[in-house]
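Undergrad: Starting from the known structure of chain A, arrange chain B on it as the hints suggest.
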Amino acid sequence: MSVIRVKNLTKKFGNFVAVDHLAFTLGEGEILGLLGSNGAGKTTTLQMLLGVMTPTAGDISYFGKSFFRFRQTILDQVGFSSTYVSLPSVLTVEENLTCMSYLYTIPDRRRRLREIREIFHLGPLWSQKVGRLSAGQQTRVNLAKAFLNAPRVVLLDEPTAALDPEIADEMRTFLLRERRERGMAMIFTSHNMAEVEQICDRVLFLREGKIVGNDRPDALAQSIQISHVELRVGRDRAKLIAFCVARKIPHRVDGMNVIVDVAEREIAAFLQAIGSAGLTYQEISIAKPSLEDYFLEMAKSSTV
Amino acid sequence: MKVHRVYGIVLRHLFLLRRNADRAFEIFLFPILDLFIWGVTSVYFSSIAASSSRPASQIVLMIVASIILWMIVWRTQMDIPMGLLEDLWNRNLLNLFVSPLSFREWIAGFIALSFVRTILSISCASLVAFLLYQINLFHFGFAFLPLLFLLLMVGWWLGLIILSLILRFGTSVQALAWSLGSVLVPFSAIYYPMNALPHWAQLIAISFPMAYIFEEMRRVIQTGSLSWQHLWMPFVLNIGYLLFASGCVLVAFRYRLRRGLIALE
Numbered sequence: 000m001s002v003i004r005v006k007n008l009t010k011k012f013g014n015f016v017a018v019d020h021l022a023f024t025l026g027e028g029e030i031l032g033l034l035g036s037n038g039a040g041k042t043t044t045l046q047m048l049l050g051v052m053t054p055t056a057g058d059i060s061y062f063g064k065s066f067f068r069f070r071q072t073i074l075d076q077v078g079f080s081s082t083y084v085s086l087p088s089v090l091t092v093e094e095n096l097t098c099m100s101y102l103y104t105i106p107d108r109r110r111r112l113r114e115i116r117e118i119f120h121l122g123p124l125w126s127q128k129v130g131r132l133s134a135g136q137q138t139r140v141n142l143a144k145a146f147l148n149a150p151r152v153v154l155l156d157e158p159t160a161a162l163d164p165e166i167a168d169e170m171r172t173f174l175l176r177e178r179r180e181r182g183m184a185m186i187f188t189s190h191n192m193a194e195v196e197q198i199c200d201r202v203l204f205l206r207e208g209k210i211v212g213n214d215r216p217d218a219l220a221q222s223i224q225i226s227h228v229e230l231r232v233g234r235d236r237a238k239l240i241a242f243c244v245a246r247k248i249p250h251r252v253d254g255m256n257v258i259v260d261v262a263e264r265e266i267a268a269f270l271q272a273i274g275s276a277g278l279t280y281q282e283i284s285i286a287k288p289s290l291e292d293y294f295l296e297m298a299k300s301s302t303v
Numbered sequence: 000m001k002v003h004r005v006y007g008i009v010l011r012h013l014f015l016l017r018r019n020a021d022r023a024f025e026i027f028l029f030p031i032l033d034l035f036i037w038g039v040t041s042v043y044f045s046s047i048a049a050s051s052s053r054p055a056s057q058i059v060l061m062i063v064a065s066i067i068l069w070m071i072v073w074r075t076q077m078d079i080p081m082g083l084l085e086d087l088w089n090r091n092l093l094n095l096f097v098s099p100l101s102f103r104e105w106i107a108g109f110i111a112l113s114f115v116r117t118i119l120s121i122s123c124a125s126l127v128a129f130l131l132y133q134i135n136l137f138h139f140g141f142a143f144l145p146l147l148f149l150l151l152m153v154g155w156w157l158g159l160i161i162l163s164l165i166l167r168f169g170t171s172v173q174a175l176a177w178s179l180g181s182v183l184v185p186f187s188a189i190y191y192p193m194n195a196l197p198h199w200a201q202l203i204a205i206s207f208p209m210a211y212i213f214e215e216m217r218r219v220i221q222t223g224s225l226s227w228q229h230l231w232m233p234f235v236l237n238i239g240y241l242l243f244a245s246g247c248v249l250v251a252f253r254y255r256l257r258r259g260l261i262a263l264e
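In order, the protein sequences belong to chains A and B.
So in numbering that gives the first Met the number 0, the last one in the first sequence is 303, and the numbering has no gaps at all.
So in numbering that gives the first Met the number 0, the last one in the second sequence is 264, and the numbering has no gaps at all.
If we strip away everything but chain B, and leave its shape as in the complex, we get:
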């Protein structure tokens, strides 16, 4: 083993890191996010344990349900830009757009695909949760369905924003684009209620639909019924973000057409 050859490999990746700000950003982003999320979660659960206000089985149910419901967002937001990346890696994008396929049809295809894949993922995760922990999410009947739909909408607008970033800046920003969902996790109140967050973080959380949805999920688990009046706010926010994301994608696509679709890499 020669040190200079190892150094050559290290140097190559350091140069790459310097050219890709998003990769450098990632080094610091994930430790901070993990510390924040699991710190707040631990504080919340220790406060529950101290007050012994809830049975342990309900806490386990809340955690597992949170994991499965967040999977909807994660899966959907990943599938939409992944379709673009697959075509870029295969040098196939031009083949699609020299056909009569319209931009809207292309996006609709991704959304339909992400819907099917999400359903499959959720079904599998629900089955595993039942087999391993005897947790039956379907116990709540249709109460979870509106929440699932709202989280699908979150996945769509997040996916469209990531798609627009890749369309605009190319694959060099894909790591940063993928991180977008993770950046929103601390403010989504997935594993803890919104009031467990520091005040400044609560201000951010209320401007996104996710925190409202997970608050309602916990309420459904506690009371067994869904309150429709709590769903208006996340629905309106989702519509707003969907419009914003569609605008971003359209602007990015028009930019890409000005540069030439073939130049996207």
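For reference, chain A alone in the conformation it holds in the complex:
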């Protein structure tokens, strides 16, 4: 049974279609990345999934139940955290989490709050006002709030955006452990492509409210088929640039290196061609396409 099933989800603002007949599922224990440029429809989709925006058309169901009919029962099992939403700054971490705990059906609140304090290492922050915490600490408290009700599914909107690399890595490890141990499913938005590649099982790429890519992160990256061949060429640098210009091969210069974009299957032919032209190189490195390349390629094609 899928944790979330979205059918024909559409949101229009007047004539503008923000989300256009979206359909996807989220499986048990799956981490699904939601990617797209600004205005692609990610936040609108998340808002509809959380019931804070009414869709123009379509259906959302969680755990096989209609979200619109069983909103309260469903939201009791859903967690949400966003860098752009905060908790009241004049209340302490403990006060905030205690208030939030009363909004959910939690059998033993005091015990759960103790657990959350341990899991998120909130001990030293427990009595501090949220407004006094650093951006990273606030994000940690927001994440703690999202896990307060031991949710079956969490929706995370750029959860690591304000965290330093070390804490962000700790958070990713925590999310992966939660998935492994509790089979928890997640929807995850981020602008950090390396993070999405590391954590997500599958990525939905949105453009103008439509799904234009739906696959594993590595499969989406491979769909680009363009590799970056970086050559250290020394005194032949100018000749190599002229060679690329003459053959209209996309390239850029980075110091003594020339980086050439070549389709993966044409790399051998390209290297043979420069050899035949009498050009030599001292070093070569080939970078396979990444999710970031896919993102840029998709973003580029949307602006054309």
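Derived from the structure by calculation, the hints contain no laboratory data.
Quantities reported herein were computed from a predicted structural model and do not represent experimental measurements.
Among the clues, some could well be false.
As the list claims (entries may be wrong) - Quick look at which bits of chain B chain A covers, simulated, 3 or more residues with Cβ under 8 Å:
no.: 1; segment: 92-103
no.: 2; segment: 252-260
Said to hold, decoys possible - Residues of chain B placed beyond 12 Å of chain A at every Cβ, according to the derived structure:
no.: 3; residue: Met0
no.: 4; residue: Pro54
no.: 5; residue: Ser226
Unchecked claim - From chain B, some residues computed to sit far from chain A (all C-beta separations above 12 Å):
no.: 6; residue: Asn89
no.: 7; residue: Ala142
no.: 8; residue: His198
Glycine included, each C-beta is placed from N, C-alpha and C at the ideal position.
TA: Okay, now just chain B, sitting in the frame of chain A:
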């Protein structure tokens, strides 16, 4: 001090004033309201003084009781939308509505909170009135209780209407929304009887419950007893306005959900 920098500050606020019609409206609203209220009040009290029909102590009691009872409306109507604004300023509204909290539970929370705060405010004001002026509102026993409840109801529907305006139009209309209670003050016959108002204002006053309630308060002070038959009209009007206000809030919330709760600012 440079004049151009002062001008820069003035200009900034003039631009803001142009964008916020409610702030411009406020400039004219409050002087007119104050002149109207205190003008009618002065005329009423000078007529009482001329006829010497009432002892001075009773007049003081009427004024203090009016101030304290209006506080119920003021406090309650302020607490309800203030809850929403607090969550908006803290960017916390989304946290609440992604939980199983329902809209009705959210409103019920505000109403319960406003009830507690109003009780505390009234108790404090009553104590100060006793200490400073030896006025004991509890002297009338339970006669004031139904009036307090009716005024709480007024505060609820006024608060819900203000809440719906902020939900619908955002915080840019908050100054205008807050003024709503003040606009009703002249027609509420708080400090003077309804017949002290000009005829056109009396027509407005009878369509709101407040004037009936304050008329009854004065009657209780004069006679010492409450007449239940005078309370039906304000009760029915309150029910009508509560239904109307609930409808407004519901429509505004549905509108907000169509736009997305996150967009509310």
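Undergrad: The structure should be examined with respect to each hint, and the outcome stated for every one.
TA: Evaluation of the provided hints:
no.: 1; hint: 92-103; verdict: holds (count 9)
no.: 2; hint: 252-260; verdict: holds (count 6)
no.: 3; hint: Met0; verdict: holds (35 Å)
no.: 4; hint: Pro54; verdict: holds (49 Å)
no.: 5; hint: Ser226; verdict: holds (44 Å)
no.: 6; hint: Asn89; verdict: violated (4 Å)
no.: 7; hint: Ala142; verdict: holds (39 Å)
no.: 8; hint: His198; verdict: holds (47 Å)
When held up to the earlier numbered hints, the structure conflicts with hint 6 and nothing else.
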